[in-house]
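**Student:** The listed protein sequences derive, respectively, from chains A and B.
One point on numbering: in the numbering used here, the residue at position 348 of the first sequence is 348, and numbering is uninterrupted.
One point on numbering: in the numbering used here, the residue at position 105 of the second sequence is 657, and numbering is uninterrupted.
It is worth saying that the hints were derived from the structure and are not from the lab.
All values reported here derive from a predicted model rather than from experimental measurement.
All C-beta atoms, glycine included, are put in the ideal place defined by N, C-alpha and C.
Among the hints, erroneous ones may be present.
Label pairs and their computed distance ranges (CB to CB) [to be verified]:
#1 T248/A to S967/B: 47 to 55 Å
#2 G491/A to E803/B: 29 to 37 Å
#3 D337/A to A635/B: 49 to 57 Å
#4 R244/A to P623/B: 35 to 43 Å
#5 D510/A to E803/B: 49 to 57 Å
#6 A747/B to P474/A: 26 to 34 Å
#7 T248/A to E866/B: 31 to 39 Å
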Amino acid sequence: MIGLLWLAACGELQEIPPLPEATSEAPSPQPEVSVAAPLPPALLLRRASLDLRGVVPTLDELAVVEADPAALDGLVDSFLEDPRWEGRLADLWAEHLLTRVDNYLVGPEDYGIPYLQRHDYVRAVGDEAPRLMAHIGVADLPFSDVVTADYTMAHEVLVGHWPLDYPEGGTGWQVARYTDGRPALGVLATGSMWWRYYTTASGRNRSRAEAVARLFLCESFLERPIRFESAALVASEELTEATRTLDTCVTCHNTLDPLAGAFFGFWVFDIYDPTENATYHPEREQLGNYYLGVDPAYYGAPIDAPVDLGGLVAGDPRFYRCMARTMATLLWRRPADPYDDFAEIDHFVEVFRQGDWRLRPLVREILRSEAYTVGALTEGATEVDQAALPTRRLLPPEVLADAVEDLTSLRWTEDNFDQLTSDERGYRVLAGGIDGDGVTQRTADPTVTQALVLQRLAQAAGPVAVAREIGLDPSDRRLFGEGDLRTLRPGDIGFTDELVTLHRRLHSLDPSAEALARDTALWEAVFALEGAQAAWAAVLTALLCDPAFWMA
Amino acid sequence: MSAPAAPSRRRLLQSAGLAGLFGLMPRLARAIEGGKRRFLFVFCPGGWDPAVVFAPVFGSSHVDLPEDAEPAEANGISYIAGASRPAVTAFFDTWGQEAALINGMEVRSVNHHVCKRLVLTGSPAEVGDDWPALLGGVAQDDPEMPVVHLSGPTFSHRYGSAVVRLGERGQLVRLLTGEALSSTRVSPPSTAVEAALRSHLEATLDERLALAGSAEERRLLGHAEDALRRQSSLAAIADQLGLAVASTFPERLAVLVDLLAEGYARCGTVAFEGYLDIGWDTHATNNIQHHSFDLLFEALGGLCADLAARPGLESERLLDDVTIVVLSEMGRYPKFNGHGGKEHWTFTSALLIGGGVAGGQVVGAYSDSLGGQAVDLASGATVSSGGELLLPAHLGATLLALADIDPGEVLPGVSPIAALLA
Numbered sequence: 001m002i003g004l005l006w007l008a009a010c011g012e013l014q015e016i017p018p019l020p021e022a023t024s025e026a027p028s029p030q031p032e033v034s035v036a037a038p039l040p041p042a043l044l045l046r047r048a049s050l051d052l053r054g055v056v057p058t059l060d061e062l063a064v065v066e067a068d069p070a071a072l073d074g075l076v077d078s079f080l081e082d083p084r085w086e087g088r089l090a091d092l093w094a095e096h097l098l099t100r101v102d103n104y105l106v107g108p109e110d111y112g113i114p115y116l117q118r119h120d121y122v123r124a125v126g127d128e129a130p131r132l133m134a135h136i137g138v139a140d141l142p143f144s145d146v147v148t149a150d151y152t153m154a155h156e157v158l159v160g161h162w163p164l165d166y167p168e169g170g171t172g173w174q175v176a177r178y179t180d181g182r183p184a185l186g187v188l189a190t191g192s193m194w195w196r197y198y199t200t201a202s203g204r205n206r207s208r209a210e211a212v213a214r215l216f217l218c219e220s221f222l223e224r225p226i227r228f229e230s231a232a233l234v235a236s237e238e239l240t241e242a243t244r245t246l247d248t249c250v251t252c253h254n255t256l257d258p259l260a261g262a263f264f265g266f267w268v269f270d271i272y273d274p275t276e277n278a279t280y281h282p283e284r285e286q287l288g289n290y291y292l293g294v295d296p297a298y299y300g301a302p303i304d305a306p307v308d309l310g311g312l313v314a315g316d317p318r319f320y321r322c323m324a325r326t327m328a329t330l331l332w333r334r335p336a337d338p339y340d341d342f343a344e345i346d347h348f349v350e351v352f353r354q355g356d357w358r359l360r361p362l363v364r365e366i367l368r369s370e371a372y373t374v375g376a377l378t379e380g381a382t383e384v385d386q387a388a389l390p391t392r393r394l395l396p397p398e399v400l401a402d403a404v405e406d407l408t409s410l411r412w413t414e415d416n417f418d419q420l421t422s423d424e425r426g427y428r429v430l431a432g433g434i435d436g437d438g439v440t441q442r443t444a445d446p447t448v449t450q451a452l453v454l455q456r457l458a459q460a461a462g463p464v465a466v467a468r469e470i471g472l473d474p475s476d477r478r479l480f481g482e483g484d485l486r487t488l489r490p491g492d493i494g495f496t497d498e499l500v501t502l503h504r505r506l507h508s509l510d511p512s513a514e515a516l517a518r519d520t521a522l523w524e525a526v527f528a529l530e531g532a533q534a535a536w537a538a539v540l541t542a543l544l545c546d547p548a549f550w551m552a
Numbered sequence: 553m554s555a556p557a558a559p560s561r562r563r564l565l566q567s568a569g570l571a572g573l574f575g576l577m578p579r580l581a582r583a584i585e586g587g588k589r590r591f592l593f594v595f596c597p598g599g600w601d602p603a604v605v606f607a608p609v610f611g612s613s614h615v616d617l618p619e620d621a622e623p624a625e626a627n628g629i630s631y632i633a634g635a636s637r638p639a640v641t642a643f644f645d646t647w648g649q650e651a652a653l654i655n656g657m658e659v660r661s662v663n664h665h666v667c668k669r670l671v672l673t674g675s676p677a678e679v680g681d682d683w684p685a686l687l688g689g690v691a692q693d694d695p696e697m698p699v700v701h702l703s704g705p706t707f708s709h710r711y712g713s714a715v716v717r718l719g720e721r722g723q724l725v726r727l728l729t730g731e732a733l734s735s736t737r738v739s740p741p742s743t744a745v746e747a748a749l750r751s752h753l754e755a756t757l758d759e760r761l762a763l764a765g766s767a768e769e770r771r772l773l774g775h776a777e778d779a780l781r782r783q784s785s786l787a788a789i790a791d792q793l794g795l796a797v798a799s800t801f802p803e804r805l806a807v808l809v810d811l812l813a814e815g816y817a818r819c820g821t822v823a824f825e826g827y828l829d830i831g832w833d834t835h836a837t838n839n840i841q842h843h844s845f846d847l848l849f850e851a852l853g854g855l856c857a858d859l860a861a862r863p864g865l866e867s868e869r870l871l872d873d874v875t876i877v878v879l880s881e882m883g884r885y886p887k888f889n890g891h892g893g894k895e896h897w898t899f900t901s902a903l904l905i906g907g908g909v910a911g912g913q914v915v916g917a918y919s920d921s922l923g924g925q926a927v928d929l930a931s932g933a934t935v936s937s938g939g940e941l942l943l944p945a946h947l948g949a950t951l952l953a954l955a956d957i958d959p960g961e962v963l964p965g966v967s968p969i970a971a972l973l974a
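One chain only, chain A, in its complex shape (with noise of 0.2 Å):
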């Protein structure tokens, strides 16, 4: 059972009042007179379809909701069952951890990985706590193996280098587990978040308990400020000495740095070689205590062994409200607030409790909520309206990137560096993204530089679906009918019919008068420079640059 007991921050043990019992339906915040229309549902199949599987719906299953709104549910219900949102889930999940960065402390080239896997490299190191949780999340497993796991995900690009047990003759991100001793701990024991949050020989995992805080329980002992006494610090026979004595410092560190012990198995004496950062140290789990000078423990909570970090995590409430805060944020696009949006996180707690903490039945739920579905606002919306509610959404790079292969098999690569979530052979900042450490709010508004790379994406696109589609069957075409694209010529029968189906396709929506003349004027105008296969290829391209397609 989870949450028996929580550990008070003072350090007494106090018994805390049990969850709320299931009850036959999870109450739902009670709505003021809304502001919020929203969007249509082919529209809103579309933003789900893009969020949850980075892709723009089929041209029939845009038919079947059209048909039927309420066959929307369904549909989306489909989407988590989808092979493609674990990778969606671990987008997300990066987006929060910020582990997705472009370099480490080691490198490819130090295990004498070649530099055309570079990019595979960083992100296997860098993807693998947001894979695990993503993982975690689509196979329906409880949340609490998010810290309690004694597996991980692994890619291939790493085996050899560090000690994993990854299936013979498997590809790709496949689940495994390391051999060298180190605790089931999830995520906490992934070289992935120590990589990222690493420690210095002064900083003494200090910085891994505030990761821990932050990322999985929602409260940074960081976003306290603090006020230094100065005479007294520096007066202080050593740092260390006025971490337990002053009291500006033992409101953060009584908490902070036995939280801390509990990383010592993860300690390196060389923050730059390969093997050290690789393997887990169990004899150095003692550590802390000699570094720190306290015993591991949680909140006050003693942590006997390092194992027992997952149990207590797992057990404390505070967890599961900020991985529901968490989802919301990634959702919603725009912060959950811990306190206007009190009483709905509150909400998607109970449901995700009523859930077994099993994620599928929270994003669901998020997914219904206001603030995911809204397409517009009424004359009476005030500022803090609008801020709530984001009416439409710019798509995140990898969104991007895996919505344009689905369509025109194009995916964007410079000697395998993925072009739109690098930043060292890439565009990912550029298009909006964040680079896991200087940049880690995304860009919310169109930007020239987004503009520039979704042209190119979109030039690069265009040619090359047109050029591979203009020799398919139509059935086993991805964006176009079943007109002749070598012959097919304004007039003609069927050519307004390939224009509608691409803005299906691509915006899911039906294109105006006014949109359709627009597209035939392009087309003839690139026709009569360079023929009709360039004239597809320019339309095409056209619409990858409307906003109807990089929005949702």
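Based on these hints, arrange chain B on the given structure of chain A.
**Tutor:** Just chain B, lined up with the frame of chain A:
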């Protein structure tokens, strides 16, 4: 279809009914003459050690100064000189009259990520705009790049569309020139096809704007139109931007100066990673900072000379148009640790140089244990009672004041350091 004349960003926002854009932001006092000052931010990531240059706390047993530390004073600025840092002395001798030092600024954290936010936004909140985004976002002269970001931390939210990232490897230029497509084996469209695509997109955006169902959608589409307009302008200066792939710090400064001088940008941001690019986070071998400071001040001296030699857009010298802001996210603990390094410290310094700055002075001070001292904001003098401990918000308010933006509307209750305003 001919392309319509490019609208100004302000006209575009107004015509799109985008009161919402500004409705969502603090109502800033914008239309003020003189609000054309430009800013160049130099960020030293990792946490510099004030006790190498800025904090002349001689005679204190609590503070470890460099072995070659000597008290020095030039043009009203007291600092720490040293044989290993000749460029520091050269800088204050030559440019001290144009520079003001802020000492004893308390960041109130010792974590890199949080401190960067605090120093650059005045708040630890995860969502917010940094000083360059604020200054560029309300630029009055509608530059093509309100903020040109070359490197270093950046935080933007409401003014995100104002920030133009060059990319540390010249990514923007590769996009502008079409070189970005080289790996796809697809050639960029011909000029004629590109023009046809652009016309299509402009007309599409017009239609989408006309049909937009919410203020939020209109706001986003307004930014999209603005981005399209800026794209053309940037393409015209791609060659100049191409220099941005320059790898050294002085070269990067030169790129930003060119963009500021031509009026293309209002704010430029660049990081200086110190000696051998190993950063300023010297938990071991703090003496590396001697070299880093020397290189920093050598570059700043060159920057000032360059700016002083160029005519300004608003003033005789470009140096009078541009305010240079040099800062780091935190300071370093007063004493060495066992590795010859220094830990994090919440008190730090900042340097303002050039336009609008009352130079030749130090505002604020360090105690003999490297704490901050309360300051009278009007005079800049330290006071034993009634003053304020300097915070990043005071720095931000001062920068906003230099840009003729009412600080009270962005940072309620925070006053600028009036003593720094010329």
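**Student:** Take the C-beta atom of T248/A and the C-beta atom of S967/B, compute their distance, and say whether it sits inside 47 to 55 Å.
**Tutor:** violated (26 Å)
**Student:** Confirm or reject the claim that D510/A and E803/B have a C-beta distance inside 49 to 57 Å.
**Tutor:** holds (53 Å)
**Student:** Do the beta carbons of A747/B and P474/A sit within 26 to 34 Å of each other?
**Tutor:** Holds - the Cβ-Cβ distance for A747/B and P474/A, about 32 Å, lies within 26 to 34 Å.
**Student:** Does the Cβ pair T248/A, E866/B satisfy 31 to 39 Å?
**Tutor:** 46 Å Cβ-Cβ, so the 31 to 39 Å window is violated.
**Student:** For G491/A and E803/B, compare the CB-CB distance with the range 29 to 37 Å and indicate the outcome.
**Tutor:** violated (57 Å)
**Student:** Is 49 to 57 Å right for how far apart the beta carbons of D337/A and A635/B are?
**Tutor:** holds (55 Å)
**Student:** Given the hint of 35 to 43 Å, check if R244/A and P623/B actually sit that far apart at their C-beta atoms.
**Tutor:** Given a distance of about 36 Å, which is inside 35 to 43 Å, the answer is holds.
Hint compliance for this structure: hints 1, 2, 7 are not met, and every other hint is.
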